[in-house]
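Please build the complete structure, drawing on both the sequences and the hints.
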Amino acid sequence: MAVSKLLNQIIGMNLSVSELSHNELIILEAHFFTLVCMELKECFKSEQKDYFSLIKYEGEMEHMMEANFANLVIKDIIATGEYTSQGIAYYVQAPEDVICDILIGRNMSPSIALFVKIIELHRSVRKELYHQITKKMIACLSHLDDHP
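Those letters in the sequence shown? Residues 271 to 418, per our numbering, in order.
Where hints are given, some of them may not hold.
What the hints assert, rightly or not - Label-pair distances were calculated between CB atoms; the ranges are: (1) H292 / I382: 15 to 25 Å; (2) E312 / E352: 19 to 29 Å; (3) L295 / T354: 31 to 41 Å; (4) K311 / R376: 38 to 48 Å; (5) R376 / E289: 36 to 46 Å.
Derived by calculation from the structure, the hints in this document are not laboratory data. Note that beta-carbon positions come from the ideal geometry of N, C-alpha and C, so glycine has one too.
Right, dumping it as structure tokens:
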């Protein structure tokens, strides 16, 4: 499981992944997934900040980022030049229409299974970004040891 590697990097304590139950691992993985998504939103927010201040939608920025998060991730994948919408659809095993619906804003809430696949693809094309996010998470979690 991918979370196992991350846990081994993060936890310098006596806790081993093998000591966690299946349900605990699922909860932990969901927690890390949420943290990664929060960090991605912060990255997208900082990239979009100038645009939103230009159009005077600073207050709406948070809501728009939340509503269009899957859209932003897909656009970022396409911006790398490694995938087209057709390639993304093939990778995530979904019809291209589903990806296009997300891109044009018709589907702002894709299924979690689809969204996880989109994030996995994004992680494969933006390795350095995810490396930075992982380092940030490790640094934050290591500070937890300083404050029992």
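| query | Out of the numbered hints, which ones does the structure contradict? | reply | 4
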